[in-house]
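Chemist: Numbering follows full-length UniProt numbering, with no gaps: position 170 of the sequence shown is 170.
Source of the hints: derived by calculation from the structure; they are not laboratory data.
Misleading hints may appear alongside valid ones.
[What the hints assert, rightly or not] With a straight-line cut-off of 20 angstroms between C-alpha atoms, the simulated EDC-like cross-links for lysine to aspartate or glutamate are:
#1 LYS317 x GLU332
#2 LYS403 x ASP387
#3 LYS456 x GLU332
#4 LYS272 x ASP291
#5 LYS403 x ASP357
#6 LYS272 x ASP387
#7 LYS325 x GLU108
#8 LYS403 x ASP348
#9 LYS325 x ASP76
[As the list claims (entries may be wrong)] Each pair of labels, with its calculated beta carbon distance range:
#10 ARG266 x MET210: 20 to 26 angstroms
#11 ASP311 x LEU61: 40 to 46 angstroms
#12 GLY411 x ASP190: 51 to 57 angstroms
#13 ASP107 x ALA246: 51 to 57 angstroms
#14 GLY17 x ASP190: 40 to 46 angstroms
#15 LYS241 x ARG92: 37 to 43 angstroms
#16 GLU349 x ASP57: 43 to 49 angstroms
#17 ASP76 x ASP42: 23 to 29 angstroms
Being a predicted model, the structure only gives us computed values, none of them experimental.
Where is the CB? At the ideal position from N, CA and C, for every residue including glycine.
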Amino acid sequence: MAVMLMNRPEYLHLWFGLNKIGASMVPINVDFTVYETQYLLDHSESVMAITDSAHFDIVDLARKDCPGIQSMIVLDTPSAPPGCVLFSDLLRHGQAPQETPTISCDDEAAVLYTSGTTGRPKGCLVNQYYYLNLGAMYVREHMVGDKDVILTPLPLFHMNAQTLTIMGALTAGASVVLVDRFHPSTWWQDIRKHQVTFFHYLGVIPAMLMGLAESEYDYGGKTVYGIGAGVPKDIQEKFEKRFNVALLEVYGSTEGGGGGLFLTGRRLKERKPGTAAFGKLLPEVEARIVDDNDRSVPDGTVGELLTRSSDEIFRRKGFMSGYLKDQDATAEVWRNGWFHTGDYCYRDEDGYYHFVDRKKDMIRRSGENISASEVESVLSDHPDVLDAAVIAVPDSIRIEEVKAYVVPCEGVSLPPEHLIQWCEQRLAYYKIPRFIEFRDSLPKTATQKIQKNVLKSEVEDLIAHSWDRTRHMKLHREKRR
């Protein structure tokens with residue numbers, strides 16, 4: 001059953017209700033276009049779509065090319081559109097009593113789609129244990145109790161809000177504050193109003209809050225814990241001091257689940273602020289840092305992070321069950337008996353793991369993972385585009401932005417506005433390139449593969465020269481004074 005909704009209590013009612021009867025939920029990003037939504041509906045073989053009035057047109061258009069969709073449930077409309085059922089009518093009339101099926105930990109609970117490096121999103125099959133295990137680990141490491149209040153601005157269609165916030169609160173008996181999205185101007189007022197003890201963040205959130213003018217709401221009397229990833233290290237200590245917050249970094253992935261989870265929890269006696277450390281090994285996890293040949297490297301050496309369950313009988317315990325309809329991709333990430341994260345990390349002499357960079361061709365913009373090849377595919381489909389390459393470029397607020405290099409067809413005048421409009425119809429807003437550079441050709445290898453390392457080096461050189469020029473001008477002004 002596909003669900004396309006903003007954060008709201010009904011989302012939880014539907015999720016738990018579906019799992020209770022043995023059905024599987026397919027969350028859909030509310031920023032997806034018809035093109036992207038249609039792919040998820042079709043690929044997941046969903047038989048029902050559930051949405052609200054704000055996203056009805058998207059889902060309704062998408063389902064026309066998905067014969068598997070047998071019905072729709074709609075929220076927030078006074079009357080049911082043709083072929084749809086109102087959610088309010090279901091609550092009012094109820095359903096005929098039926099025997100509740102027996103559900104086991106191995107039963108499928110959801111298909112969570114995550115951006116892959118091959119273009120289209122991959123569907124991660126996750127079972128009931130996946131959710132239960134992550135919730136238990138979250139509560140244990142952060143010492144969450146039934147008096148705690150957890151606020152999340154993260155969307156429920158992402159695994160973070162589902163597995164950590166919601167399942168953690170259920171496990172501990174804690175309360176949850178759901179907001180539709182991050183609102184900087186009212187953030188601290190909400191923290192105080194609801195007596196929040198934990199909040200979840202992406203790196204862009206602390207950066208934006210630090211940019212606000214100082215306010216009476218800044219410093220709270222009681223320390224609040226922030227749980228997230230990617231906070232800029234140059235502001236972490238300043239942020240914690242200004243707002244009386246302890247930031248606890250985490251590391252994980254949809255594929256890895258609890259089998260590849262790291263939590264800088266409250267149980268750790270020492271945090272390492274100012275670094276990209278995301279904690280030590282948890283009891284459920286084993287990890288290695290390896291070179292390109294899967295050989296372990298010494299502490300302090302950067303390599304790819306590999307993880308697996310510490311359960312000697314089943315090394316994939318807590319992970320996704322596999323990629324939907326893609327056994328080859330599943331086997332590839334599990335080669336040699338270890339889950340290959342595709343991330344460059346290192347372990348220090350104290351046993352803390354540090355994130356360095358992504359090995360995969362992935363762009364992380366404001367917490368959203370964007371597949372460069374997916375954006376390239378959309379650009380290349382334009383009739384006036386001969387070739388395209390997409391890379392990440394640094395951004396002080398969003399961590400990374402999307403830059404596209406485009407080679408137009410010979411003799412064609414291609415305004416950038418046309419490309420943006422083309423992308424708007426086929427990609428969620430956060431995937432649309434922020435920068436477009438037109439070129440006559442792209443650097444390629446002898447086998448005609450685009451040399452993205454050359455493009456990235458050019459960006460790095462440009463940034464370095466820009467910094468040098470700024471520094472030189474500053475010194476020159478000081479000398480004149």
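Chemist: Determine for every hint whether it applies to the structure shown.
Modeler: Cross-check of the supplied hints:
1. LYS317 x GLU332: Roughly 18 angstroms between the alpha carbons, so the hint for LYS317 and GLU332 holds.
2. LYS403 x ASP387: Holds, because 14 angstroms separates the two Cα atoms, which is no more than 20 angstroms.
3. LYS456 x GLU332: Roughly 27 angstroms between the alpha carbons, so the hint for LYS456 and GLU332 is violated.
4. LYS272 x ASP291: With Cα atoms ~25 angstroms apart, LYS272 and ASP291 exceed 20 angstroms; violated.
5. LYS403 x ASP357: Roughly 18 angstroms separates the two Cα atoms, so the pair holds.
6. LYS272 x ASP387: violated, 44 angstroms
7. LYS325 x GLU108: holds, 14 angstroms
8. LYS403 x ASP348: violated, 33 angstroms
9. LYS325 x ASP76: violated, 34 angstroms
10. ARG266 x MET210: 20 to 26 angstroms: holds, 23 angstroms
11. ASP311 x LEU61: 40 to 46 angstroms: holds, 45 angstroms
12. GLY411 x ASP190: 51 to 57 angstroms: holds, 56 angstroms
13. ASP107 x ALA246: 51 to 57 angstroms: Because 37 angstroms falls outside the window, the suggested range is violated.
14. GLY17 x ASP190: 40 to 46 angstroms: violated, 28 angstroms
15. LYS241 x ARG92: 37 to 43 angstroms: Given range 37 to 43 angstroms: violated, Cβ gap about 52 angstroms.
16. GLU349 x ASP57: 43 to 49 angstroms: Given range 43 to 49 angstroms: violated, Cβ gap about 56 angstroms.
17. ASP76 x ASP42: 23 to 29 angstroms: This hint holds: roughly 25 angstroms between Cβ atoms.
Going through the hint list in order, the structure does not satisfy hints 3, 4, 6, 8, 9, 13, 14, 15, 16.
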